[in-house]
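Q: Working from the sequences, and respecting the hints, build out all of it.
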Amino acid sequence: DGGITQSPKYLFRKEGQNVTLSCEQNLNHDAMYWYRQDPGQGLRLIYYSQIVNDFQKGDIAEGYSVSREKKESFPLTVTSAQQNPTAFYLCASSIDRAGTSNSNQPQHFGDGTRLSIL
Amino acid sequence: KQEVTQIPAALSVPEGENLVLNCSFTDSAIYNLQWFRQDPGKGLTSLLLIQSSQREQTSGRLNASLDKSSGRSTLYIAASQPGDSATYLCAVKGFQKLVFGTGTRLLVSP
Numbered sequence: 385d386g387g388i389t390q391s392p393k394y395l396f397r398k399e400g401q402n403v404t405l406s407c408e409q410n411l412n413h414d415a416m417y418w419y420r421q422d423p424g425q426g427l428r429l430i431y432y433s434q435i436v437n438d439f440q441k442g443d444i445a446e447g448y449s450v451s452r453e454k455k456e457s458f459p460l461t462v463t464s465a466q467q468n469p470t471a472f473y474l475c476a477s478s479i480d481r482a483g484t485s486n487s488n489q490p491q492h493f494g495d496g497t498r499l500s501i502l
Numbered sequence: 049k050q051e052v053t054q055i056p057a058a059l060s061v062p063e064g065e066n067l068v069l070n071c072s073f074t075d076s077a078i079y080n081l082q083w084f085r086q087d088p089g090k091g092l093t094s095l096l097l098i099q100s101s102q103r104e105q106t107s108g109r110l111n112a113s114l115d116k117s118s119g120r121s122t123l124y125i126a127a128s129q130p131g132d133s134a135t136y137l138c139a140v141k142g143f144q145k146l147v148f149g150t151g152t153r154l155l156v157s158p
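Residue numbers (our numbering), protein chains in the order written: chain C, 385 to 502; chain D, 49 to 158.
Certain hints may be false.
[Said to hold, decoys possible] Derived DMTMM-like pairs: lysine to aspartate or glutamate, alpha-carbon spacing no greater than 20 Å straight-line:
id : chain 1 : residue 1 : chain 2 : residue 2
1  : D       : Lys145    : C       : Glu446
2  : D       : Lys49     : D       : Asp87
3  : C       : Lys393    : D       : Asp87
4  : D       : Lys145    : D       : Asp75
5  : D       : Lys49     : C       : Glu453
6  : C       : Lys398    : C       : Glu408
7  : D       : Lys145    : C       : Asp443
8  : C       : Lys393    : C       : Asp438
9  : C       : Lys393    : C       : Asp495
10 : D       : Lys90     : C       : Glu446
11 : C       : Lys398    : C       : Asp414
12 : C       : Lys441    : D       : Asp87
13 : D       : Lys145    : C       : Glu399
14 : D       : Lys145    : C       : Asp422
15 : D       : Lys145    : C       : Asp438
16 : C       : Lys441    : C       : Glu399
17 : C       : Lys393    : C       : Asp414
18 : D       : Lys90     : D       : Glu51
19 : D       : Lys90     : C       : Asp422
20 : D       : Lys90     : C       : Glu453
[Said to hold, decoys possible] Covered by chain D, per the in silico footprint, the following chain C stretches (three or more residues, Cβ under 8 Å):
id : segment
21 : 399-408
22 : 491-502
Calculated directly from the structure, the hints in this document are not laboratory data. All values derive from a computational prediction rather than experimental measurement. Each residue gets a CB set at the ideal place from its N, CA and C atoms; glycine is no exception.
A: Structure representation (structure tokens):
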């Protein structure tokens, strides 16, 4: 079945440590997104990528980094510079292609990774 | 800056009741509006997508309407069931990204 796989489901970070969250999709989608969800707040966009080897900062990119070396994969690294990393992280993808910002295709989401501080 | 608000924040109803969830947004320059469902500890499932040129979309017991000029959308759930219990999120699409509301937590009791 086509879908988005996020791993691990739970992750713990020690102080000063960088951790990487995995996101893989087999939907052949061009665009991929990372969101952060905190209790009582809506999803906030961290980074997005519309094509391989290109990505853009979202609303809360500080303390995070991404790469897009393959169409199927969009890993997110939470760096030690992110002072409050405890949250639920969601990866999404859509058919949207670069230059077609008005696409009316829905975003598809993975099941999330819950990150906590040790 | 686009802001999306959902009212009520939580709703509890008995099984079988029809209900309406509300979503409002501040900037009417949107490409589309999506309604999602989120179960506890899970990702989001897309329910309905309404393009900016459309007034409503229907899927089974769900009907979503869009009034772009007034910045409002409603999600109507007919004959609610306990399996409908979840958080419902709306999101509007502007240039290249979605902006989400904070959701309505729905509990349908048997």
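Q: Honestly, which of those hints from before does the structure not fit?
A: Hint check: 2, 5, 6, 8, 10, 11, 12, 13, 16, 17, 18, 20, 21 fail, others pass.
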